[in-house]
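Asks: Chains as they are written, first to last, in UniProt numbering: chain H, 1 to 314; chain V, 1 to 604.
Simulated from the structure, these hints should not be mistaken for laboratory data.
Check the hints yourself; a few may be wrong.
To be verified - Within a straight-line C-alpha distance of at most 30 Å, the following computed DSSO-like cross-link-like pairs (lysine-lysine) qualify:
(1) H:K278 x V:K184
(2) V:K417 x H:K278
(3) V:K539 x H:K278
(4) V:K193 x V:K590
Unchecked claim - Calculated from the model, a selection of chain H residues having no Cβ within reach of chain V, i.e. all distances over 12 Å:
(5) Q98
(6) I197
(7) T274
Think of the CB as a built atom: it goes at the ideal place given N, C-alpha and C, for glycine as much as any other residue.
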Amino acid sequence: MSEPLESDPSLLVVVLDVNASSWAKSPLTVGNALQQMVIFINAYLALKSENGLAVLACNRRECRCLYPPSRASPAIERDIRVYEQFRVVDARVLAGVQAMLSGAEDIVGDPNKGIEECQTPMSQALSKALCHIHRVSESTSAKVWPRILVLSAADDSPREYIALMNTIFAAQRMGVLIDICKVFGRDSVFLQQAAEITGGNYLKVDTAGHESMLQTLMFTCLADHYTREILVSPTKEMIDFRATCFCHKRVVDIGYVCSVCLSIFCQVAPICSTCQTKFSFRIVRADSAQINGNLKGSPRSGAATVAMSTLSLA
Amino acid sequence: MLLLLPGESIKHTSDTTNNKEEGTLYFTNKRLAWCKSGSPTPSIEVLHEHFRQQQVSKADAKKFMLRVSAGPPPAAGAEVDESSLTIHTFSWKTADKDAAIADRKKFVTELSMITTKRAMGSAGGASTSGGQTTASGSRAAGGQTGETAAAGPTAEGDEYGKVKIGLVPASAEEIKLRQEVLSKNIELAKLHKSLVVSGLISEDEFWSTRKYILETQAIQSQLRKGESSTWLDLAPTTQESGNFKYTITPNVARRIFKEFPQVKRAYIENVPHVINEKLFWKRFVASQFFNRGRSADTARSSRDKIFDKCTQEEDALFDNTARYDLGLLTSLLDLTRTEEDSVETGNAPDFTMRPASKDNKLALIRRFNRHSEIVLQSVLNNKRKVGPLDSKRADQEIEASTTLEDLEAAVEEKKVKLNIQDRTRYFTSMQSDPSDESRASGAQNRGPIDPSSIRASLQISFEISQPVASAGNAQKTMVSMLDSAHKAAMQRRPDRIQELGIPEDLSHAVAECHGAGTEMLRHLWALLRLAPTGDRQAKAEKIVAAFDGVLKRIQETIVKANASKSKGADMGSMIEKMLQPIMTSLHAGKQAYEQRSKLAVAAA
């Protein structure tokens, strides 16, 4: 891949997480967050006239493209007080998010009802974003440097782990940076890896402590590929790639991995509780005894010990 | 049980009889020993160096016996004196025939290993001993002949191959390894000096935490250097007098032998009883055999009986078509196979590979081929197995290499469906601890929340043209972001310590203080963790006393840094900052020790 030049335009795909159940718990209201995001988008558009933009919004059920609008969508009335290009984008985004939020009728009053209510299938949105990026870069002859900004409020959805990891690796191959802006809640392990693998930033904004999301975005995510080579990003220096065991949900440094389904356990068990595979220890033990023959204090059992950091990355 | 020598370990044991007395035969990494039943000291002992020959009874014999002859190692080159050998015979009990044979086989293989190892060692020596001769083109110049020692990496590699690191007491090989490591690593040697030589900790303690260094060293010493693939080009240097001078070192000679086996044979036949070594090489570089490939010189060089014979031999070797059975030549390599190809369909006959039409290129081509063969063989390391070439195998080979995998019928793989019981559970381990959430969002999550209030919080109403009401505390955000950016920037500069411009002697001193301090602390804490005994107490006291030495050293370093005000930077405070952690740790260690001594006194 060639080196980015200062004159090269960027293509930004903003993915808005509009999971109503999650935003309900947020100290930052969704209205305020959206307003700040719109300001950021305007700043991005103003930075370079060739800059491309797409805005996607997703909740638990669907993922919609808010901008660029489909042909069927109604025209927006003019407003002379606002710069035309900003107004079109802003109005579309605002209307789209409003429609999606009001469409989500089943807001859960009882938070204990379903954990999955607070999860957003981010892989859907990311793959849609990648498709859009691909289409744009195929249709233009000039080099466009793509990146994705995810405004995330919901929790990780473990069900879509594989799908998400696949989109992340696809993005890595396409040279797409993924920036993550997490406005509240606990750290998303999946999205942290997305940022780490693609070379983007994972930003956690402490909105409960009145940190400014707009300020964070402006400071970090406005920079294009060219500028990022010069800048130092205020990203988290250490990312925890360790996995937790399936049996007790403990974070483990070294665990036992089922050779069939790759479940992780903190202790040896004769039968894998996930896939019901029975391990024949005698055979495994003889092999591992040979391998570990020269190491003092070989592991208690023959099950393969694998450093979790490598496992969760693969 | 056999009483072991230091560093010795038993490999095999077996119940045998010797001279009609029952006992046990041991094979260890140092010797073969036989003890009478109940006796810990061996009545027969054969060190590996002394072992000469072994004989076994036939597999179908009534008794299963092993005869071992032993004697002192013969002087280099001398023949083994049969009369000086002592012979021991061990016989196995015949209750279980197969077990006895298997048992005996272990000993036989081990003993034969000794022989092969010895043979390899002497062969390595023989191949490296060659003469060093300096001969000049056609007129002789001053030269000297000298034998080089046969110390090769091969011998060393075998030595460390089986070193067991971490034995107490350390084996002789390990001690040698340690010395080697220390001689290579100056920093480690310094640390070793300040800790072990001064008597603070024992040699074994010092190495127990550095086993991996020894292991690396052992493995490195085992690595063998492969054959050089460079083309041997004997280029003469021109002297002032206008003569050419060729320099033939033993190394070069060895490679000449390898490239030209005929020369090796000629060397063995003629040197030194017909002509001396110097003259041999002189005639070699002057010969037609040597100058064949070299343009104009060929005609000028004189005829030479020895080397003309080499040329003839070589020609004879290559002219001999019976070298290979052409009938069994793999058709894939047979160039004549393409001759009948039809030009019409685009398969023109191959015209590139023709035998050399000019003889003067022939020698060079042969040399190239020979060289390539040597290089390839050294890579394969004699692992290539060439089976007997018969027509059946040739057919098989052709079939194997002409099969198109795509045309093969797909073979159903035997599969077992992965039966995961609960897929949601499968990936939850990737998430962080769910208890975080309840802590973060507090108690408000507990009870049901009024849906209408949630809906109110989701209302979006703002005018795009209006300024944002509140966007959080920008000041606070910037402080935290700049802080983490600063940290990231510092981490991206791996040589940020070099940038400080600390003089070399000072940074060495700092490293030494840290190294010595850390090592002492490690041993102190290890001692403190164990139950106190008089011995440990004394040792801990010694270590704590040595702390003062390190602290003094630290103070000296700081004073020295203060004295050297370079580039206006305040070196003193910088060095003090660098040494602060180790000072703190040392004080903490000392305090813990003193507290414990007080407790011990109180308990007493």
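Asks: Compare the structure with each hint and give your call.
Replies: Hints and how they fare:
Distance check on the hinted pair: K278 (chain H) and K184 (chain V) sit about 51 Å apart at the alpha-carbon level, beyond 30 Å; violated. Proposed proximity of K417 (chain V) and K278 (chain H) is supported: the alpha carbons are some 14 Å apart, at most 30 Å. Our distance criterion of 30 Å between C-alpha atoms is broken by K539 (chain V) and K278 (chain H), whose separation comes to about 51 Å. For the given pair, K193 (chain V) sits about 23 Å from K590 (chain V) by alpha-carbon distance, which is consistent with the 30 Å threshold.
Consistency note on Q98 (chain H): stated as away from chain V, yet its beta-carbon is not over 12 Å from all of that chain's, at 5 Å minimum. Non-interface call for I197 (chain H) relative to chain V: holds, since the shortest CB-CB distance, roughly 14 Å, exceeds 12 Å. At roughly 6 Å, the least C-beta separation between T274 (chain H) and chain V is not larger than 12 Å, which violates its mark as non-interface.
This entry does not satisfy hints 1, 3, 5, 7, going by the numbered hints stated previously.
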